[in-house]
Every structure is written in structure tokens, then in C-alpha cells.
Amino acid sequence: MAKFEAGMEAMLDMFVFETSDLLAKLDDILMRTEQDELTPDDIGEIFRIMHTVKGSAAMMGLQNMSHLAHALEDLFSLIREDPSIKYDKPALYEMLYAGSDSLKFETENISDDSVPLSDFTDQITQVRAFAEAMKNGGSAPAADTGGAAKAAGGSSGASLYAPDDGDDVFVFDVRYDESCMMPEIRAMVLLNQLSAVGEVLATLPPDLDADDAGDAISANGLIIKVKTADPDGAFAHLAAGINVSKVTPLMRETKPEPAEAPAPAAPQPEAAAPAPAPAPAAPAAGAPAKKREDKGGGVISVRLEKLDRLVSLAQEIVIAQSGVLHNSELAPYRNSMPGFEKSARELKKLIDELQDMVMSVRMVPVSGAFSKMNRVVRDMNKTLGKGVKLVFVGDDTEVDKSVNDMLGDPLMHLVRNAVDHGIETPEERRAAGKTEEPTVTLSAFYDSNDVVITVSDNGAGMDAKKLLEKGRQKGILTKPESEYTEQDCFALIMAAGFSTNTQVTEYSGRGVGMDVVKKNLEKIGGSLSVESKLGAGSTFTIRVPMSLSVSTCMGVMVSGQEYAIPMTALREAFRPEPEQTVRTPEGREAVCRQGENKLYSVIRLGRHFGTEQEDIPLTEGIILLCDTSGDEDERSALFADALTEEMQIVIKPFSHYLAGFGLKEKGLFGTSVLGDGSIIPVIDVNEVLRGGR
Amino acid sequence: MSMEDISGRAVTFLSGGGTYAIDMDSIIEINSRGGETFIPGLPDCITGVINHKGDVIPVMDLRKRMGQPPAEIKENELDKTSLMLIQNDEDILALRIDEAVTAVEYDSETNFMALDEESVLKGFINTPDGSRISLFNVAKLIDLDVKIG
Chain A
-13 MAKFEAGMEA
-3 MLDMFVFETS
7 DLLAKLDDIL
17 MRTEQDELTP
27 DDIGEIFRIM
37 HTVKGSAAMM
47 GLQNMSHLAH
57 ALEDLFSLIR
67 EDPSIKYDKP
77 ALYEMLYAGS
87 DSLKFETENI
97 SDDSVPLSDF
107 TDQITQVRAF
117 AEAMKNGGSA
127 PAADTGGAAK
137 AAGGSSGASL
147 YAPDDGDDVF
157 VFDVRYDESC
167 MMPEIRAMVL
177 LNQLSAVGEV
187 LATLPPDLDA
197 DDAGDAISAN
207 GLIIKVKTAD
217 PDGAFAHLAA
227 GINVSKVTPL
237 MRETKPEPAE
247 APAPAAPQPE
257 AAAPAPAPAP
267 AAPAAGAPAK
277 KREDKGGGVI
287 SVRLEKLDRL
297 VSLAQEIVIA
307 QSGVLHNSEL
317 APYRNSMPGF
327 EKSARELKKL
337 IDELQDMVMS
347 VRMVPVSGAF
357 SKMNRVVRDM
367 NKTLGKGVKL
377 VFVGDDTEVD
387 KSVNDMLGDP
397 LMHLVRNAVD
407 HGIETPEERR
417 AAGKTEEPTV
427 TLSAFYDSND
437 VVITVSDNGA
447 GMDAKKLLEK
457 GRQKGILTKP
467 ESEYTEQDCF
477 ALIMAAGFST
487 NTQVTEYSGR
497 GVGMDVVKKN
507 LEKIGGSLSV
517 ESKLGAGSTF
527 TIRVPMSLSV
537 STCMGVMVSG
547 QEYAIPMTAL
557 REAFRPEPEQ
567 TVRTPEGREA
577 VCRQGENKLY
587 SVIRLGRHFG
597 TEQEDIPLTE
607 GIILLCDTSG
617 DEDERSALFA
627 DALTEEMQIV
637 IKPFSHYLAG
647 FGLKEKGLFG
657 TSVLGDGSII
667 PVIDVNEVLR
677 GGR
Chain B
779 MSMEDISGRA
789 VTFLSGGGTY
799 AIDMDSIIEI
809 NSRGGETFIP
819 GLPDCITGVI
829 NHKGDVIPVM
839 DLRKRMGQPP
849 AEIKENELDK
859 TSLMLIQNDE
869 DILALRIDEA
879 VTAVEYDSET
889 NFMALDEESV
899 LKGFINTPDG
909 SRISLFNVAK
919 LIDLDVKIG
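First to last, the protein sequences are chains A and B. The first sequence lines up with residues -13 to 679 when you count with the numbering used here. The second sequence lines up with residues 779 to 927 when you count with the numbering used here.
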């Protein structure tokens, strides 16, 4: 069973999206103001965030979240009303962070039924107690929202009938259970449902978004004025509303005493002259909706699937366009249709623009992923006492949404690592005579088709010798120690089963880590590398394609057919001179680079794919040295007949049916549909090298 | 073999000298496009892939699937083979056939003899002229674990 209220599935995405967004904003504010002054604007903002979270959680039927947000909202209403109120700021922030985390956790797991709803009672009690202490400690005036509510409750339902209302206008008094949380939110849902049978003209309280609307409804009920041809239907809708305890139709010119009798069958409005003009005084009904619109601020959120469909449609248009413009049936007329050519050029220009535009829609700045690290560093500073400063460079760099989404985990790992292992303790820093602030810098920039993201610290740096020693102990060295360059030693920390910290802390040292980060990045065609200087700090560099959908590939000819190889996997391509090639007595072939003595055994792609009719001499083809995650590239090189051209392509994995034939293991990633509609297979260099051993 | 009434509409076609049929519900379209791209490492009867509205779908050569000799294309004669795009659940395949013929109705009460679930054929359709048309079970046809011949 779902945790949220039945019938609210449609709202789920919106709820998760909005709430996550608000909580992220909350974290930002907390982070910014923790060491700084909490301005009235910030206080107001936090209050509003909590208010909205409370409301939307209640709408989803998530009582626990709603209650917790409510407690925090109340707390901030105290601070808002009396800026001079005294409180323990560190304790307040701890509580806010904890609250924000709890709400975040709940939001993230809302559609996962295996995670039970959390019980926030303790947390709520703590917040309430804090608020109580604050009130008693300072000269806080009691929050006086009740008075306003009472004042609002004075007017009567019947006064809502305007003299010229038609006899299709009815007024209902709706009462909610006492236990009902957030009746104003329930009321909005109710009004929405009511719009199916009629037009809501006005309500009392008039503005359901107002802060005191809930209290007013609890105290005086909700008065709804509705124009409908089906009063019975409207009544049924209202009576079926969630948490509605009683619905009373109010008669015209009767006293607005809420009748105690249970709902009568149907209201009997007094006959009145049919007035075609709708009630002129109906200001309130539209207000909530309008307010919500304003919040959009010109930005709408779109489901990713829709966007993806748009992207693939744009690609199909490009293909279809080429099918039309380069149609061979047009060939005889080519020279005699200047008008057609002109229109064709125009069309091509527009379609190119469309494609660029569509791709750009998915681009988001990395600042979102970066700013999440603020919180990580803040929490770690708290426990480790290192006082690390986090600096961003180029955080307005844009990447594809999918890339941005997967950056979170690697960044988290690297930042934790930098703070935990990289930066020394204050004592160590003093002893080393370091005066500059301990700093972790996140930076992002473009490099050709890739986005490069670095995480660097000005900490202790890594000791190549120690790493090598450790690698030996762990038995993960793959070649004689003497052959390890400094760079190789640093790369050891990204090997499986390596952890440099002898002490396992809360934040790192679970043994898995860097190798997993590296693997995950490679899965999407990215890479991870590290540089370090002992005593000066380390820099980890993530390189990912700007967009997961478009990648730069090199075209190669194998047995007369063109294949694509991702550029990221290639290090070097050359045509070997005769003296660079060798042939072993058993017929194996190998090559070496110019001026080097290291041999790479040759894997002929044609033979690997079983397409080669007869071997062409190595000196007539192209040797491809690869750059991959494994160490296979240290030993082997690929051989193709020729290079064709560099291309920007969209790699699609094989369909379910084709994937069933083990093409991945045979060394193919997938295919790409080129601009002219033709298909090109894409080679998975890792798998080919693995298969070649 | 089965007690229940089985009926439907199917498209008949020629392949390797035999006449076969596939349920109309399984057929997306029939065209005569060429331009297959070879993909190494696929079974013999999957001769390549084609681009269908931006999707890359496999081409299954029915003669090869049925263990029949390849079609002989005489000189000065065009390749008459057609691609029949068929769908089974999520999977879409292009089936290379010799030539599409016509559409027939079948009903186990009149002209259809059903086979059991194990066969690559759903059964046989008897025609008025006394010949028999083999109706494919598409799921079995595209499942290469089901051996034929």
C-alpha cells in the first residue's frame, strides 16, 4: 500500500520535486547563515519553506512530515515575530539540519514501500520543547494568530448570497473533523473536486493560502459558494471529502447558524428571478490558483521522458530531412530547381537550430551538484574539527541533466576523501608550518566535448612510496615495483581493495570507494585520474562527456565496414613502419611505438569480429593504442584497416532482443544512427581487449 | 488438438518455395527496403540491422531461419524480397521473406488445424484449392532457442 493518500499519485512527482527543491533551498540558507547573521529575510524564507512543505505534505496525506514541518514553522514564526528573541543558535541549527534531513529522507523514499513511514514524534517534541524554552527564555509574545481567526469567523454564510445570484447558486457550510490537520489544504483539494460539478464563486475564509486560514476553518468551518446545476452532486462531493465531518447547505436569508442536524437530502433554495449575470463579487475563489501560478516564475518542470522523446524526435526529423532532401529520385531535377534548394537550405538551418535548442534544454549548471557538498563539508567539519573551507570555481558550467544526476555520488566520495584523508588536522598543519586555510576546491570547465571536474585540496598530499608499500602489502600490484612511476602509485588508490587511512572513520575507509567511483564513471564513458604533491595536496579529476547522449567517436574501417570507437578510449593511432612490427614463430603479431622497446600484441579487429577474409599487412593498416580502465591496454593494441573521420554520434544500446546474443561480450557497445539514416556499430574497446587476452 | 475456437486474420507469403502466414496483429508493416547493416557476432539467420524510425531493429532471414537454401537472384532480375516488420511483446524484428501474397481468414471450425504450443507453427490453414499454409507462432519463430529443421 502506498504511503501517501490514494488518488494523489498524479501529484507525487510534483510533490517530490517541489519539496526536494525547497529543502535544498533550506540547506543553502542554513549553510550561508550558520556563521553569519540570520536576517529577517532568511527567517521569513525558512518560515515560508516550512509552511509550504507542511501544506504539500498534508495534501499528500503524509501526516508525519506535515507535523514536523509544522513544528518547525511554528518555531520560526516565533523568531519572525520577535527578532530579538534569544535562542541557542548552534542547537537550533543542529535541529534544523536534522529536521531537513528527516524530511529529505522521507521525500526520497516516499514511493518505496519497503521503507516504512518514519516516526518523527521525538523530533517534533524536541522542536516544540525548544520553542517553549525560547518563549520562556526571551520576552516572546505568544503567537496571536487565534485572534485573527476569530475575527475572520464573524461573518455569516448567508451574507455570501448576493441579491442578484441566480437560483443555481448555493452556499454550503463544511465542517472538518477536529483531528484534521491543515484543513485549509483539504479545503483546496475539496474545491478542486467541486469544480467538476460547478463553479466555485467564493469561499470564507476568502484566501485559503493565508496563514490563518486553517485556524479559521477549524473554528468556523468552510463556507463555499458554488454555482451549479447539480446541487445534489455538489453536496455529495463535499460530503465525500476527506476528513469532512458535516456539510450543511445554507439557505438564503436564513440565519447562518450552522445547523446541528445531519445533512438533509437536498438544499431548497428560494426561488429567485433568473439572473443571467454571474455573481460580481467573487474575488476569492481564483486567488489560490493564481498565487500558485506566480510561484512558477516563468519556469516549468517537465517530465524527463517527455524531454527524451523530444530529443529523439528531433533526431528523427534530421534523418527524415536527409531522406527527403537527398532522395535519389530528385537527382535528375537537381539543377533545375533553385527554389527547392533555397527552401531546403532554410529547412536545414531551422532543423539544426531545433536540434541545438532541444539539446540545450537538458543542460543544467553543475552548481546544484556542487552546493550539495556544502552540507557534506559542514557536517564533517563538525565531527572532525578541521575547519575546511569549500570553494567553487566555474560552477555555472552546464552539463546534461543525466550527467549532473550521476555526479552526486562521485563528488560526495571525493569531497569526503579530501576532507577526511587529504586535509590534515589543525595540529599537523601548524607543525608543517602551513598558514593558509584548509581548503577543498571544486572546479568545473569544458575541454573539447568533455566536462572536467576537479576536486583538489591543499592538504598533505600523497606519498608515492607509502602507497606502493601499501599496494604490496595488499597484494594488488600488477607489475614489478621498480616499474611503478609516481603516477602509477597514485593510481593505486583507485584500485580495488585499497584504503589509505589506517583508521576507519565514519566518512571513509570502508574499503570500497575510489575503485567504485572510478568504475561508475567509466560506465558512462567518463574517467577519474589523480595527481598529488607530497605536502601540498592532491587533485582528483573527473572527466565526463558533456552529454551522455552525444559522444565523440573515431570511425574506423574493418573488413570494408565502418565502425565507431569512442574517442575517450583511444590514446594514439599510427601506421606502423616495418621495423615497428614483429611476428612470433607461432604467428602472433606485435608492434612497438616509435623509439620504444615495449611490445603491444596486436588484436586484429577483423579477426576478432570474424569478418576478415585475408589479413592485410600491419604496415598497411592502422594501429590503435587504447586508453581504458583495465590494464589490458598496457599489453595490447587494436588493428583496423583505416581511419575514416571523427564524428559526434548518439550511441544507443542494443535492443533487448539483440542484446540477448551477447554482443556486449563480443566487444560491441551498441549502434548509432547517423545523420543520413545509416547505422554504425560502436566498438567497446574494453571488451575487445579483454577478449583478446 | 485444442477444444477452443481459434480464429483470426493472417497475411500469407512465400519463402523458399513454401507458403506461410503470420497473424495480422503481429505485423507492423511490409516494405521492400534494403540497406541492412551487418553486425558481427550475431547468429547466422540474423543478417543485420535496419533503421526503423530511428530504432535499430534486427533483420531475420526467414530462409536461413528455416534452414532453406538462399534465394537465387538471376541476372537482370531485381531483388524481390520484402521485409515484414513483426512485433512480439517488446521485440520488433524485420523478417525477410520472398514475397507477400494476400490476406486470409482462418477459423478452427472451418479451415484451421491448430498445433500444440511447442511448435514454431500455430497450425495449418487449408485453402479452397486444397493446399496448406503454415501459420507461424511469432514468439517461437523469433526465439532462436527453438530449433527448426
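A portion of the hints provided could be inaccurate.
Said to hold, decoys possible - Computed cross-link-like contacts, DSS-like style, restricted to lysine-lysine with a CA-CA straight-line distance of at most 25 Å: (1) A:K368 x A:K452; (2) B:K918 x B:K842; (3) A:K334 x A:K368; (4) A:K519 x A:K452; (5) A:K334 x B:K925; (6) A:K387 x A:K75; (7) A:K232 x A:K292; (8) A:K456 x B:K858; (9) A:K387 x A:K292; (10) B:K842 x A:K650; (11) A:K519 x A:K451; (12) B:K858 x A:K652; (13) A:K335 x A:K420; (14) A:K358 x A:K465; (15) B:K831 x A:K335; (16) B:K842 x B:K858; (17) A:K519 x A:K465; (18) A:K456 x A:K387; (19) A:K650 x B:K858; (20) A:K638 x B:K925; (21) A:K387 x A:K213; (22) B:K831 x A:K292; (23) A:K519 x A:K456; (24) A:K387 x A:K420.
What the hints assert, rightly or not - The following residues of chain B were derived to be distant from chain A, with all beta-carbon distances above 10 Å: (25) G813; (26) T815; (27) I828; (28) N829; (29) D833; (30) P836; (31) T859; (32) D869; (33) D885; (34) N889; (35) A892; (36) L899; (37) S909; (38) V924.
To be clear, the hints were calculated from the coordinates, so they are not data collected in a lab. Note that beta-carbon positions come from the ideal geometry of N, C-alpha and C, so glycine has one too.
Taking the hints in turn, this is what the structure says about them:
1. Pair hint K368 (chain A) plus K452 (chain A) does not hold up; C-alpha atoms about 29 Å apart against a cutoff of 25 Å.
2. Distance hint between K918 (chain B) and K842 (chain B) is fulfilled; the C-alpha atoms sit about 15 Å from each other, no more than 25 Å.
3. This hinted pair does not check out: K334 (chain A) and K368 (chain A) have alpha carbons roughly 57 Å apart, beyond 25 Å.
4. For the hint linking K519 (chain A) to K452 (chain A), the alpha-carbon distance of about 13 Å falls within 25 Å, and the restraint holds.
5. For the given pair, K334 (chain A) sits about 49 Å from K925 (chain B) by alpha-carbon distance, which is inconsistent with the 25 Å threshold.
6. Our distance criterion of 25 Å between C-alpha atoms is broken by K387 (chain A) and K75 (chain A), whose separation comes to about 37 Å.
7. The straight-line distance between the Cα atoms of K232 (chain A) and K292 (chain A) is roughly 43 Å, outside the 25 Å bound, and the hint therefore fails.
8. Restraint check: the Cα-Cα separation between K456 (chain A) and K858 (chain B) comes to about 68 Å, which exceeds 25 Å; the hinted pair is violated.
9. Restraint check: the Cα-Cα separation between K387 (chain A) and K292 (chain A) comes to about 14 Å, which is no more than 25 Å; the hinted pair holds.
10. Among the hinted pairs, K842 (chain B) with K650 (chain A) is consistent with the structure: their alpha-carbon atoms are about 24 Å apart, no more than 25 Å.
11. Between K519 (chain A) and K451 (chain A) the alpha-carbon distance is near 12 Å, which keeps this suggested pair within the 25 Å criterion.
12. Proposed proximity of K858 (chain B) and K652 (chain A) is contradicted: the alpha carbons are some 33 Å apart, above 25 Å.
13. For the hint pairing K335 (chain A) with K420 (chain A), the CA-to-CA distance comes to about 57 Å; that exceeds 25 Å, so the pair is violated.
14. About 40 Å separates the Cα atoms of K358 (chain A) and K465 (chain A), which puts this hinted pair outside 25 Å; it is violated.
15. Between K831 (chain B) and K335 (chain A) the alpha-carbon distance is near 22 Å, which keeps this suggested pair within the 25 Å criterion.
16. Taking the CA atoms of K842 (chain B) and K858 (chain B), the gap is near 17 Å; set against the 25 Å cutoff, the hint holds.
17. Using a Cα cut-off of 25 Å, the hinted pair K519 (chain A) and K465 (chain A) holds, with the two alpha carbons roughly 23 Å apart.
18. A hinted pair counts as satisfied when its Cα atoms are at most 25 Å apart, and K456 (chain A) with K387 (chain A) does not qualify at roughly 39 Å.
19. Of the pairs offered as hints, the one joining K650 (chain A) and K858 (chain B) is violated, with about 34 Å between alpha carbons and a cut-off of 25 Å exceeded.
20. The hinted pair formed by K638 (chain A) and K925 (chain B) fails the criterion: a straight-line CA distance of about 30 Å is larger than 25 Å.
21. Only pairs whose Cα atoms come within 25 Å are accepted, and K387 (chain A) paired with K213 (chain A) is rejected, the gap being roughly 46 Å.
22. At roughly 18 Å between alpha-carbon atoms, K831 (chain B) and K292 (chain A) fall within 25 Å of each other, so this suggested pair holds.
23. Proximity of K519 (chain A) to K456 (chain A) is assessed by CA-CA distance (about 18 Å); at most 25 Å being required, the pair is judged to hold.
24. Distance hint between K387 (chain A) and K420 (chain A) is unfulfilled; the C-alpha atoms sit about 39 Å from each other, more than 25 Å.
25. In this structure G813 (chain B) is not separated from chain A by more than 10 Å, as the shortest Cβ-Cβ distance comes to only about 7 Å.
26. Some Cβ of chain A comes within 10 Å of the Cβ of T815 (chain B); the nearest lies about 4 Å off, and the non-interface call is violated.
27. With a minimum CB-CB distance of about 7 Å to chain A, I828 (chain B) fails to clear the 10 Å threshold, and the non-interface call is violated.
28. Its beta-carbon lying about 5 Å from the closest one in chain A, N829 (chain B) breaks the requirement of being farther than 10 Å from that chain.
29. Its beta-carbon lying about 7 Å from the closest one in chain A, D833 (chain B) breaks the requirement of being farther than 10 Å from that chain.
30. Against chain A, the non-interface label of P836 (chain B) is violated: not every CB pair exceeds 10 Å, the least being about 6 Å.
31. Every C-beta of chain A lies more than 10 Å from that of T859 (chain B), the closest at about 19 Å, which supports listing it as non-interface.
32. Residue placement check: D869 (chain B) does not keep its beta carbon more than 10 Å from all beta carbons of chain A (closest about 4 Å).
33. With a cut of 10 Å on Cβ distances, D885 (chain B) stays outside the contact zone with chain A, its closest approach being about 31 Å.
34. With a cut of 10 Å on Cβ distances, N889 (chain B) stays outside the contact zone with chain A, its closest approach being about 32 Å.
35. Against the 10 Å criterion, A892 (chain B) stays outside the reach of chain A, whose nearest CB is about 27 Å from its own CB.
36. No Cβ of chain A comes within 10 Å of the Cβ of L899 (chain B); the nearest lies about 21 Å off, and the non-interface call holds.
37. No Cβ of chain A approaches the Cβ of S909 (chain B) within 10 Å, the least distance being about 33 Å, so the stated non-interface status holds.
38. The claim that V924 (chain B) is not at the interface with chain A holds, since no C-beta of that chain comes within 10 Å of its own (minimum 14 Å).
Of the numbered hints stated above, those contradicted by the structure are hints 1, 3, 5, 6, 7, 8, 12, 13, 14, 18, 19, 20, 21, 24, 25, 26, 27, 28, 29, 30 and 32, listed in ascending order.
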